[in-house]
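Note that the protein sequences, when read in sequence, are chains A and B. As numbered in my numbering, residues 632 to 1439 make up the first sequence, in order. As numbered in my numbering, residues 121 to 227 make up the second sequence, in order.
There's no promise every hint is true.
Here are some, though not all, of the chain A residues that point toward chain B, as calculated from beta-carbon distances under 10 Å [stated by the list, open to error]:
(1) R1121
(2) C1126
(3) P1128
(4) V1148
(5) T1153
(6) N1154
(7) I1161
(8) G1165
(9) V1410
(10) F1412
(11) V1418
(12) P1421
Straight-line alpha carbon distances no greater than 30 Å define the calculated DSS-like cross-link-like pairs of lysine-lysine that follow [what the hints assert, rightly or not]:
(13) A:K1198 <-> B:K193
(14) A:K819 <-> B:K193
(15) B:K193 <-> A:K1405
(16) B:K193 <-> A:K1182
(17) A:K1085 <-> B:K193
(18) A:K1163 <-> A:K1198
(19) A:K1275 <-> A:K1163
(20) A:K1220 <-> A:K1405
Bear in mind the hints are in silico, worked out from the structure with no lab data behind them. Yeah, the Cβ is synthetic: ideal placement off N, Cα and C, and Gly gets one too.
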Amino acid sequence: MNAQQPQRVVIAGYGPAAHRLAETLAGRGFRGGITVLGEERHPAYDRVALTSYLTGASAADLAYPPVEGVTVRLGARVTGIDRELRQVRVAGGPAEPYDVLVLATGSASFVPPVPGAGDALVYRTLDDLDAIRAAAAGQSAGVVVGGGLLGLEAADALRGLGLDTHIVELAPWLMPRQVDEGGGSVLKGHITRLGLSIHAGVSVAAVEPGRVVLSDGSAIQAGVVVFSAGIVPRDELARDCGLEVGQRGGIVVDDGMRTADPAVYAVGECALAGGRVYGLAGPCFTQAEVAADRILGGDAVFTGADLSAKLKLLGVEVAQFGAMEGALDVTYLDPVAGVYKKLFVSDDATTLLGGICVGDASPYTTLKPFVGKALPAAPSDLLFSGGGARLDLPDDAQVCSCNNVCAGQVREAVAEGATSVPALKACTRAGTTCGSCVPMLTRLLEQSGVELPKALCEHFDHSRAELYDIVRVRGITTFSELIATCGRGRGCDVCKPAVASILASLLGGHVLEGERVALQDTNDAFLANIQKNGTYSVIPRIPGGEITPGKLIVIGEVARDFGLYTKITGGQRIDLLGARVEQLPEIWKRLVAAGFESGHAYGKALRTVKSCVGSSWCRYGVQDSVGLAIALELRYRGLRAPHKLKSAVSGCARECAEARSKDFGIIATEQGWNLYVGGNGGFRPRHADLLAADLGTDELITTIDRFLMFYIRTADRLQRTSAWLEALDGGLGYLREVIMDDSLGICAELDAQMERHVATYADEWRETLDDPDKLRRFVSFVNAPGVPDPSIVFETERDQIRPAVEAR
Amino acid sequence: MTRWTAVCGYTDLLPERGSCALVGEQQIAIFRDFDGSLYAVANQDPYSGAYVMARGIVGSRAGEPTVASPMHKQVFSLATGVCLDDGGTTLPTYPIRVNEGHVEVAV
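Can you make the complete structure from the sequences, with help from the hints?
Here it is as structure tokens:
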């Protein structure tokens, strides 16, 4: 197979299909050179998430990860193909020779030939969005021409820019490709309730300055007009070099995505495969994978694709799967709630043909895999019972249409040891594109008999989240009470600290009070971090990383007087290492007297909120990042959680505080703050996801309060926010619904919990120093309290102490 | 003949939390279980070499009283000193008793 592999693959275009092609080639060990020529100045980005660019996401947020070993030329427009010489001409640069050329030039927006539409705005690329944003400045109303999927996205964008938004659709109702008339009417109700105006069954007759004239003679007064009424394949390169294109556009390819020239392929929205141009991400990805396989010498085929879609547009769930007609149909309509669900079945009512949903897309997830198969229950039952959540899927039923993964593959992966949603995502790719099938993955895991490892340890059959609820609902206040209620034995190093953390989150109070002292790990038990030789490190809190010279001097004097090793931490604090247990209270007496508090570096608790200097000093800063970081650190200090919590605030988009590597990170915008959640550095780095954009400070704090409390309530033991978010059913969208739309009705409770935490916080080191009972434990030897541990020996390195190598 | 050394009062020991006693040059970790029983083992963690066993979390495994090393969490039986995660390693154990309110160990 390798012998047939070409040396040089050139990909013209750098959109999602081109990216998937390059990624597949590289991932499958292609040894030749891969060069991508992108016309835009941006590398490939996620077009499905384009709307978020106008609500705060940056171009970098949307970018796909670069593919290693691939040469990318950006701003490199291909102007022609010389098939004889096998090279492409590039505007303003050297020609690019190829052995195999893949055209992935995508599509352009269709702009109807009406007077005045020549320079119209379109909704397609990041640059288009910049142009829309610029055009919207100072305007009060906008018109979107096109009421399909992309049209509604554009309408959402205009609405987000504060414009009074109108939608013009030629068909009698919105989204005619996805929903029928009944669904269209329910959809119209949702959208008009949001304050948008719909003009259906008309077309645009002319675009004039300040207004749009419609075919029925009426006019809309609006200063911004965006065309989003369909796409036209970018097939001009193929056309110019004599390759066949379809009557209505699209480069003609065979089922291996190859044109009549065996050295030229076409994939994505520029390709006409089986007589059809595909405009959805899923089929385009499949085409890219087929082309990659052929280039590698395989024989994969593209035989068409499922055009099912589940979308959330303007906050309304819309889904369509399988056929949009059938011999029989069953409809569920709730006009009050705005829910419309319809199933199409065969004439003998035994086979499911397709379905349409508006307002509640749950049947999409549960029933789409049954399309073309025997109905698993009576159609009315399926529509009324929430869509049959517990149905058994056949092995060949497709679970993830974006990445073409079926139930059998998921079951196989589970059998081979992928027993969690993140593991399934990693090995099957299911759920990694739009995420709508993640609930299905969880269900398959459960149905495969995987004991989702829930029991905390041998003493409790419950998960941490369940224990949290038991403690919360039953008002339990001690470990003894909890283990008597629902556990067995006397606990261990797994369940005791977990329960200690739950009690601390729910009840507050001192971690060394009464029975709780016996639950703590050595770090919490001595309010310091144990080091390899049994000594401890001390980290005073320095909120936001801001410290006065006077306090800096105190830290220096304490370190000098106790002979400690000092080092600046990654969290903008100072670590003092080498303290023996009996020194800890003496060290803290000095620190507390100087106004320092515990930094909780030893706890599963808030660590630091880092910050850059922000608008007070920096010539680029747009907000006071230090002030916010200090406010947040003081608000959440001492908050116990399933794992440590880190945060940062950056004063502008340059992101000097590295906020996106934090559990919750905040980046200033001109309008307010963008909130990112679920970031992580460490063992498995992860960039935080944008949860909400342009928040005011009060709104930001409320959102963080709820995020933290919801995490504390539902996470597993020692699960950081990044892993928690990845495993959360419904992901970021669900998180938004819970903490921003209050879909579970728990926000008042979460708010009250945080209020109580803030109101009852007290510095645990100050309290320890005031309590002789707690201080009694801080000795090396119970029978010789003044004697230092003779096993602790230091040597000198770079003018400071370090544990002696032979300190045994 | 066993030589007992008094190290502290019984009530100086917190239930399910360890303390360390210095007997001659030896460091002995002593524990008071939830039901009042006493245990004494060597304070040196055989895995890390640090003298820290007295600071581990006390618990039970299948009914056996245990302590987990605070360094890398290996769990040892308080009764026999055997490491329950790796049967090949054992903590030395020592006799311990209460005598007129005083805790005594024999080394």
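A quick look at each hint next to the structure:
1. Given the 10 Å rule on beta carbons, the hint for A:R1121 holds: about 4 Å separates it from the nearest Cβ of chain B.
2. A distance limit of 10 Å between C-beta atoms decides the matter here; for A:C1126 the minimum to chain B is near 8 Å, and the interface restraint holds.
3. For A:P1128, the suggested interface contact is upheld, since its CB lies about 7 Å from the closest CB of chain B, less than 10 Å.
4. At about 6 Å, the closest approach between the beta carbon of A:V1148 and any beta carbon in chain B falls short of 10 Å, and the interface hint on this residue holds.
5. Because the beta carbon of A:T1153 sits about 4 Å from the nearest beta carbon in chain B, less than 10 Å, this interface hint is met.
6. With a least beta-carbon distance of about 8 Å to chain B, the hint placing A:N1154 at the interface is held under the 10 Å criterion.
7. Given the 10 Å rule on beta carbons, the hint for A:I1161 holds: about 6 Å separates it from the nearest Cβ of chain B.
8. At about 4 Å, the closest approach between the beta carbon of A:G1165 and any beta carbon in chain B falls short of 10 Å, and the interface hint on this residue holds.
9. Satisfaction of the interface hint for A:V1410 is found here, the shortest Cβ-Cβ separation to chain B being roughly 8 Å, below the 10 Å cut-off.
10. Satisfaction of the interface hint for A:F1412 is found here, the shortest Cβ-Cβ separation to chain B being roughly 4 Å, below the 10 Å cut-off.
11. For A:V1418, the interface hint holds, the least distance from its beta-carbon to any beta-carbon of chain B being 6 Å, beneath 10 Å.
12. Checking A:P1421 against chain B by beta carbon gives a least distance of about 8 Å; that is within 10 Å, so the hint holds.
13. Restraint check for A:K1198 and B:K193: the C-alpha separation of about 27 Å stays at or below 30 Å, so the hint holds.
14. At roughly 60 Å between alpha-carbon atoms, A:K819 and B:K193 are farther apart than 30 Å, so this suggested pair is violated.
15. At most 30 Å may separate the alpha-carbon atoms for a hinted pair to count; B:K193 and A:K1405 meet this at roughly 24 Å.
16. The hinted pair formed by B:K193 and A:K1182 fails the criterion: a straight-line CA distance of about 37 Å is larger than 30 Å.
17. For the proposed pair A:K1085 and B:K193, the alpha carbon gap of about 21 Å is at most 30 Å, so the pair holds.
18. In summary, the hint linking A:K1163 to A:K1198 is supported, as the alpha carbons are separated by about 16 Å, within the 30 Å threshold.
19. Only pairs whose Cα atoms come within 30 Å are accepted, and A:K1275 paired with A:K1163 is accepted, the gap being roughly 21 Å.
20. For the hint linking A:K1220 to A:K1405, the alpha-carbon distance of about 14 Å falls within 30 Å, and the restraint holds.
Violated hints, listed in ascending order, are 14 and 16; each of the other numbered hints is respected by the structure.
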